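Taken in order, these protein sequences are the chains called A and B. Heads up, my numbering is the position in the first sequence plus 54, with the first residue counted as 1. Heads up, my numbering is the position in the second sequence plus 54, with the first residue counted as 1.
Since the hints were made in silico from the structure, they are not lab data. Among these hints, one or two may not hold up.
Copies of the same chain look alike in the list, so a pair counts if it fits in one copy or across any two.
What the hints assert, rightly or not - Derived pair list, reagent style SDA-like, types lysine to any residue, alpha-carbon separation capped at 20 angstroms: (1) Lys-250 with Arg-186; (2) Lys-250 with Glu-102; (3) Lys-239 with Ala-229; (4) Lys-239 with Ile-149; (5) Lys-250 with Leu-145; (6) Lys-239 with Arg-113; (7) Lys-59 with Arg-241; (8) Lys-214 with Gln-147; (9) Lys-214 with Asp-169; (10) Lys-250 with Arg-206; (11) Lys-214 with Pro-140; (12) Lys-197 with Arg-143; (13) Lys-239 with Asp-216; (14) Lys-239 with Ser-72.
Bear in mind that the values here come from a model prediction, so they are computed numbers and not experimental data.
There are 2 protein chains.
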Amino acid sequence: MVRGKLYVLSGPSGVGKSTAVHEVMRRHPTLRFSVSVTTREMRPGEVEGESYYFISRQRFQELLDNDALLEHAEYVGNCYGTPEEPIDRMLEQGIDVLLDIEPCGALQVQKRRPDATLIFMAAPSFSEIERRLRGRGDTPPDKIEARLERARWEYQQAEKYDYIVVNDDVDHAAAEIEAIMLAEKCRACLRLHYLKEAK
Amino acid sequence: MVRGKLYVLSGPSGVGKSTAVHEVMRRHPTLRFSVSVTTREMRPGEVEGESYYFISRQRFQELLDNDALLEHAEYVGNCYGTPEEPIDRMLEQGIDVLLDIEPCGALQVQKRRPDATLIFMAAPSFSEIERRLRGRGDTPPDKIEARLERARWEYQQAEKYDYIVVNDDVDHAAAEIEAIMLAEKCRACLRLHYLKEAK
């Protein structure tokens, strides 16, 4: 059984990660998406175990105390995290797992799991991020500047990633993510078993 | 102008490299294939500048003396080599270049050009190589064992490559080569220019 691969897709808010993830998952039904835990309240339309696992602060603290989170962050007063154990279980079963998390979390995963492949999603141009943030209409104007400042910091971290995918078009971005996932499966170090017979 | 990428496909004789290369080139007309030089005589059906550039021993020695070959080898009394200058010219023009060379040459390229991506083509099983060598009918039975011994040595080098592609089916192998080529273009170190605007 070849172990599954862990892929982390990250990038600034507004760059179009979730649309691309949706397209990649559509093309690869065997790929599994990791569901995060959060302490924030469920919003209308959200589904327990699909959008998030909604847990108490106390439970979150227990997960932290047990070192059970692959990455975690606090955002506007709420905690978010990725439980490690379900991911390990899937990888051991040969299932590939995709995480869609914030850049801060992505770098935590990189430190903890050097076998993970990190993909940064960039906009075709930085001004496009501003345009999308304003166009989405869910961010108050006074928060836009803070979001952009954060996006700038996130861009500065991108050189620590393995790959950069440019989201000029969702099909194109999904094709690049697919290619990266397939190429990573072809890494020589993961396929040495094909050579054994010749020894 | 983003510089082109140099890909090296290698693997034992009889593994099906040229069929896969043909398929990859068909799908990617902008990819260029590097033509080697050789001192052996032209065979019926071969075309100067397509199969090889046919040159004299003296000219070959001049190329060696001028350090103008990316890799070279002698095989049953004839010399073969890959001129470096035409490849550099294409890469500078942003053109990707694919080399289909013997494993000995591939490792020479790796030492000389750490920016090259090395892909080893393996058969689905080693016994398949023997079957193909015998089935092709162009190798005398007494040479088969020597070829297999060589293939065994070549397999032992495969862990030095970046990727291993398994040629169980030409479409599948070509798809893996394509994915590797696209993923390598997405390497963060080659796309840092997308981040500049945010600084």
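Hints, verified against the model:
When the C-alpha separation of Lys-250 and Arg-186 is checked against a cutoff of 20 angstroms, the pair qualifies only between copies, where the shortest distance is 19 angstroms, while the shortest distance within a copy is 51 angstroms. Taking the shortest Cα distances, Lys-250 and Glu-102 never come within 20 angstroms of each other, neither inside one copy (46 angstroms) nor across copies (40 angstroms). Taking CA atoms no more than 20 angstroms apart as the test, Lys-239 paired with Ala-229 passes in both settings, with 16 angstroms inside one copy and 12 angstroms between copies. In the homo-oligomer, the alpha carbons of Lys-239 and Ile-149 lie at most 20 angstroms apart inside one protomer (12 angstroms), although the nearest pairing across protomers, at 26 angstroms, exceeds that limit.
Taking the shortest alpha-carbon separations for Lys-250 and Leu-145, neither the intra-copy value of 23 angstroms nor the inter-copy value of 36 angstroms comes in at or below 20 angstroms. Proximity of Lys-239 and Arg-113 under a CA criterion of 20 angstroms is satisfied in neither setting, with 36 angstroms inside one chain copy and 43 angstroms between copies. Proximity of Lys-59 and Arg-241 under a CA criterion of 20 angstroms is satisfied in both settings, with 11 angstroms inside one chain copy and 18 angstroms between copies. With identical chains, the CA atoms of Lys-214 and Gln-147 are never at most 20 angstroms apart, being 29 angstroms at best within one copy and 28 angstroms at best between copies.
With identical chains, the CA atoms of Lys-214 and Asp-169 are at most 20 angstroms apart both within one copy (14 angstroms) and between copies (18 angstroms). Within a single copy, Lys-250 and Arg-206 get their C-alpha atoms only as close as 47 angstroms, which misses the 20 angstroms cut-off; across copies the closest is 10 angstroms, which meets it. Neither within a single protomer nor between protomers do Lys-214 and Pro-140 lie at most 20 angstroms apart by alpha-carbon distance, with minima of 26 angstroms and 33 angstroms respectively. In the homo-oligomer, the alpha carbons of Lys-197 and Arg-143 never lie at most 20 angstroms apart, since the shortest distance is 39 angstroms inside one protomer and 49 angstroms across protomers.
Proximity of Lys-239 and Asp-216 under a CA criterion of 20 angstroms is satisfied in both settings, with 14 angstroms inside one chain copy and 11 angstroms between copies. When the C-alpha separation of Lys-239 and Ser-72 is checked against a cutoff of 20 angstroms, the pair qualifies neither within a copy, at 23 angstroms, nor between copies, at 23 angstroms.
The earlier numbered hints that this structure contradicts are 2, 5, 6, 8, 11, 12 and 14.
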